[in-house]
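K.L.:
Sequence:
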Amino acid sequence: MPELPEVETVRRGLNQLTLNQEITGGDVLLDRTIAYPFSVGEFVNGIEKNAIATWHRRGKYLLAELSLSSGWLGVHLRMTGQLLWLHRDEPLHKHTRVRLFFGEHQELRFVDQRTFGKIWWIPPGVAVESIMTGLAKLAADPFSPEFTVEYLANKLQNRRRPIKTALLDQSVVAGLGNIYADEALFKSGILPETLCIDLQLKQIELLRTAIIQVLETSIEAGGTTFSNFLNVKGTNGNYGGVAWVYNRAGEPCRVCGTAIQRIRLAGRSSHFCSQCQTLRGVKS
6 MPELPEVETV RRGLNQLTLN QEITGGDVLL DRTIAYPFSV GEFVNGIEKN
56 AIATWHRRGK YLLAELSLSS GWLGVHLRMT GQLLWLHRDE PLHKHTRVRL
106 FFGEHQELRF VDQRTFGKIW WIPPGVAVES IMTGLAKLAA DPFSPEFTVE
156 YLANKLQNRR RPIKTALLDQ SVVAGLGNIY ADEALFKSGI LPETLCIDLQ
206 LKQIELLRTA IIQVLETSIE AGGTTFSNFL NVKGTNGNYG GVAWVYNRAG
256 EPCRVCGTAI QRIRLAGRSS HFCSQCQTLR GVKS
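Just so you know, we're using the numbering used here here: the sequence shown kicks off at 6 and counts up by one.
Just so you know, these hints were derived from the structure itself, not from any lab.
It cannot be assumed that every hint is accurate.
What the hints assert, rightly or not - In silico EDC-like cross-links for lysine to aspartate or glutamate, where the CA-CA straight-line distance does not exceed 20 Å:
1. LYS160 / ASP203
2. LYS207 / GLU151
3. LYS54 / GLU70
4. LYS142 / ASP174
5. LYS160 / GLU210
6. LYS160 / ASP174
7. LYS238 / GLU225
8. LYS160 / GLU198
9. LYS99 / ASP32
10. LYS54 / GLU27
11. LYS207 / GLU155
12. LYS160 / ASP146
13. LYS99 / ASP36
14. LYS54 / GLU109
15. LYS238 / GLU109
16. LYS238 / ASP94
17. LYS54 / ASP32
18. LYS238 / GLU95
Could you build the full structure based on these sequences and the hints that come with them?
P.N.:
This is how it looks when you write it as structure tokens:
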């Protein structure tokens, strides 16, 4: 958390509010938030006097293309990171880690309670993947043309691990996490403990469609707020109120009324309906 819909919600908000405005300076309140360069002064000098041309998303990463051919600004929110567009006079939250200053007394603040989030400045002429190495390991984005049934089947075939665990692997599907893996498995009728190797092609087709559908629905709702996710204007996401199974253990299934169950798989919680999710795979 945040997952793809939350990061996409932030990206869209940033593209509405922060583009083509000069970065006049910055203040780093927690040095280890800056993953690259290793000098905080070099980071601030690198981004100053630039403007953000556009924000991109790759999986759960945010990438800002800087003007003046001055490289890229990369952000990973990790567990509790927030990017907030605020007036500079707004009181500082105690978990504020980085401030980027813009004109008209506006600023972009990176707030991160657990301090796992990271920010990078990638200088011009340097390959982004050589600095933000996690990008090179990402699978296809669910909204990309590459994310076909054949692609997903190839990623899952011959794997003897639960499908829920596989979906959390960013080298299988980029951007999915615990929430939307549970939701997609419910929509496709597949039990989370089903081994990848046992899935038929039709089940994988259902799963691919369900992944895209639940992500689109969540983006339309502004993402999910169960703990501390906020969009750039400081507003909660609304998907949690319509979630099919996630965080609803003991509550009635929205389809059949059966109590939603919760189990642990590889140290993560999994929520499912034992009546609606019956596909275990039937390969011989």
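K.L.:
Confirm or reject each hint.
P.N.:
Hint by hint, here is what the structure shows:
1. LYS160 / ASP203: It holds: about 13 Å lies between the C-alpha atoms, which stays within 20 Å.
2. LYS207 / GLU151: holds (18 Å)
3. LYS54 / GLU70: Given that 20 Å is the threshold and the Cα spacing comes to 14 Å, the pair holds.
4. LYS142 / ASP174: holds (10 Å)
5. LYS160 / GLU210: holds (13 Å)
6. LYS160 / ASP174: Between LYS160 and ASP174 the Cα gap is close to 10 Å, so the pair holds against 20 Å.
7. LYS238 / GLU225: holds (16 Å)
8. LYS160 / GLU198: holds (17 Å)
9. LYS99 / ASP32: holds (14 Å)
10. LYS54 / GLU27: holds (6 Å)
11. LYS207 / GLU155: Cα-Cα ~11 Å, so holds.
12. LYS160 / ASP146: The given pair, whose Cα atoms are some 13 Å apart, holds under the 20 Å limit.
13. LYS99 / ASP36: Status holds; Cα separation ~15 Å.
14. LYS54 / GLU109: holds (15 Å)
15. LYS238 / GLU109: holds (17 Å)
16. LYS238 / ASP94: Roughly 15 Å between the alpha carbons, so the hint for LYS238 and ASP94 holds.
17. LYS54 / ASP32: holds (14 Å)
18. LYS238 / GLU95: The hint holds at about 13 Å.
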